[in-house]
Structure formats: C-alpha cells, structure tokens
Amino acid sequence: MERQYRVLIVDNDSEILTTYQDYLTKHGLEVETAQDGIEGLEKLHTGEFDVAVVETQLPKLTGIEMIKKANEADIDTDMVILTEHGKKDDAVAAINMGVKAWIEKSGINMAHFVKRVKEVAEVIPLSEMGRLLSAIPKSN
Numbered sequence: 001m002e003r004q005y006r007v008l009i010v011d012n013d014s015e016i017l018t019t020y021q022d023y024l025t026k027h028g029l030e031v032e033t034a035q036d037g038i039e040g041l042e043k044l045h046t047g048e049f050d051v052a053v054v055e056t057q058l059p060k061l062t063g064i065e066m067i068k069k070a071n072e073a074d075i076d077t078d079m080v081i082l083t084e085h086g087k088k089d090d091a092v093a094a095i096n097m098g099v100k101a102w103i104e105k106s107g108i109n110m111a112h113f114v115k116r117v118k119e120v121a122e123v124i125p126l127s128e129m130g131r132l133l134s135a136i137p138k139s140n
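Take 1 as the starting number for the sequence shown in full-length UniProt numbering and just add one per residue.
Wrong hints could be hidden among the right ones.
To be verified - Heads up, simulated DSS-like pairs for lysine-lysine below, C-alpha to C-alpha not over 30 Å straight-line: (1) 88 to 105; (2) 100 to 68; (3) 88 to 43; (4) 26 to 118.
Think of the hints as simulated: they come from the structure by calculation, not from any bench.
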C-alpha cells in the first residue's frame, strides 16, 4: 500500500486553501491548512508533515519569515513556496533557505502542483536516511 503523505498548506485565502486541500486529498494526500504564518509555524511544531506548501505573502508572519523560523527550530519538513507572479526574489530567498521547490500561483496548473508536492514528499530527508542506513546489518 502506498504511503499517505502529510501536507500542510499555508495561505491566507480560504478559497485557495479549500481548492488545494480538495485537490491534494483527491490525489491521496492527507492535508491540514493554516491561514497565517504564526498558525502555520505552530502546526509545524506540533505535527509531523512531509511537506509544507507556504505562500510568501502571509499575515502576522510572512512565508519567508515562517520558513526561517522553522529552520532555526530544526523542523524536519520539506518546504514548497508559492509566489505571486513576478515575485521571483521571494523564490530565490526561499531556495537559499533550503526550500525544495517554488510554484507560481498565477495560472497554476493543478496537475503540476500535485506532482511537485508529491515529488518533494517522496524525497527521504537526511535524518530519516541516516536512521534507515543504521538499521541495515553490516557485513563482515
């Protein structure tokens, strides 16, 4: 049976959250949502997510600030950043902080969105890889 990945989506637009949540859920992902950076960071602290999809322009704490704080707290969740059209500076800043992918929101192709989120989720984090490798019996 295929593993069900856990995704956190952080966006201040409730319609967009519902659309993303419905679409990802239909494609076999377990989804939680947050509407601002503080709520998103709190959920990252309390839940185990494979991927967090974060809008850059969030109230209370921007997406970039949220990612920075998550990194400082050593939260082991891969990130995907959502940017508005023409906001490539935000994407570059996020990539420099270890974000695995960025997606432009305007004219978003939902099939591509699901594919990118799943690709990021399927990458085994280094911490997990170390645990898996240490469980392999050593040969003489």
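Keeping to a limit of 30 Å between CA atoms, is the pair of residue 88 and residue 43 held or broken?
With Cα atoms ~26 Å apart, residue 88 and residue 43 stay inside 30 Å; holds.
Holds or violated: residue 100 to residue 68, with C-alpha atoms at most 30 Å apart
holds, 14 Å
Regarding the pair residue 26 and residue 118, is the alpha-carbon distance no greater than 30 Å?
holds, 13 Å
Regarding the pair residue 88 and residue 105, is the alpha-carbon distance no greater than 30 Å?
Roughly 12 Å between the alpha carbons, so the hint for residue 88 and residue 105 holds.
In summary, the structure agrees with every hint in the numbered list given earlier.
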